[in-house]
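From just these sequences and the hints, can you work out the full model?
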Amino acid sequence: MTSNSYEQGKAGPIHLKVPPDDTIERLTCNECGFINYINPKVIVGAVCTWGNKFLLCKRAIEPRIGFWTMPAGFMEEGETSLEGAKREAWEEAGANIEVNELIGIYNIARLSQVHLIYRAKLIDNKVNAGPESQEVRFFSWDDIPWIELAFPSVHWALNHYKELENLTEFSPRKEGRV
Numbered sequence: 115m116t117s118n119s120y121e122q123g124k125a126g127p128i129h130l131k132v133p134p135d136d137t138i139e140r141l142t143c144n145e146c147g148f149i150n151y152i153n154p155k156v157i158v159g160a161v162c163t164w165g166n167k168f169l170l171c172k173r174a175i176e177p178r179i180g181f182w183t184m185p186a187g188f189m190e191e192g193e194t195s196l197e198g199a200k201r202e203a204w205e206e207a208g209a210n211i212e213v214n215e216l217i218g219i220y221n222i223a224r225l226s227q228v229h230l231i232y233r234a235k236l237i238d239n240k241v242n243a244g245p246e247s248q249e250v251r252f253f254s255w256d257d258i259p260w261i262e263l264a265f266p267s268v269h270w271a272l273n274h275y276k277e278l279e280n281l282t283e284f285s286p287r288k289e290g291r292v
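So the number in the working numbering is just where the residue sits in the sequence shown, counting from 1, plus 114.
Hints should not be assumed to be uniformly reliable.
[What the hints assert, rightly or not] Calculated lysine to any residue pairs in the SDA-like style (CA-CA distance at most 25 Å, straight line): (1) 172 to 221; (2) 167 to 235; (3) 276 to 288; (4) 235 to 212; (5) 172 to 282; (6) 235 to 193; (7) 240 to 289; (8) 172 to 257; (9) 172 to 126; (10) 276 to 214; (11) 155 to 132; (12) 240 to 191; (13) 235 to 201; (14) 276 to 237; (15) 288 to 243; (16) 240 to 221; (17) 240 to 213; (18) 240 to 255; (19) 172 to 243; (20) 172 to 130; (21) 172 to 132; (22) 172 to 284; (23) 288 to 242; (24) 240 to 212; (25) 235 to 188; (26) 276 to 193; (27) 288 to 191; (28) 288 to 240; (29) 167 to 244; (30) 235 to 289; (31) 240 to 201; (32) 240 to 222; (33) 288 to 239; (34) 288 to 226; (35) 167 to 191.
[As the list claims (entries may be wrong)] Simulated DEER-style distance windows between Cβ atoms: (36) 133 to 259: 44 to 52 Å; (37) 191 to 138: 22 to 30 Å; (38) 146 to 235: 47 to 55 Å; (39) 256 to 235: 16 to 24 Å; (40) 256 to 134: 52 to 60 Å.
Hints are computed from structural coordinates only; laboratory data are not their basis.
Here a beta-carbon is modelled for each residue, glycine too, at the ideal position from N, C-alpha and C.
Here it is in structure tokens:
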């Protein structure tokens, strides 16, 4: 497999091959030896609460438009996972949050994603839907629209949050391959 010229080093065509001392096919430049490592994407987010209510966002974008999720999204270059969780809460829900403990590490192998989900409290209850949300709303535990949640990781994180609700010391939940 060959693609267009790649502007790296001597900029020759790149080919899909197993580089020396590796075991996985990667896009590699025969001219300069550049190897394009395609790594998993990191998703950061938080189960955000105001008192005993949970903040959820109804998605305005694909995938799963119209379904509910917690504030979460791709971590940006140059930010920590905590900073990313805060940014996502602000972008999706206009929420100012205090990020606390990491509650879950979820590996979504088929999508090449690793999700880092935190426990967070809202600093105030002022929220508004950002461009990626149709609506944002606070739900009591019994009113969470479980069948309308966008992703399995939202179920996992909410349930794990509930298990840990009154604990101050715990290890993050690590879900297997999905």
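Exercise for review: Would you list, in rising numerical order, the hints stated earlier that this structure does not obey?
Suggested key: 5, 7, 9, 12, 15, 16, 20, 21, 22, 23, 26, 28, 32, 33, 35
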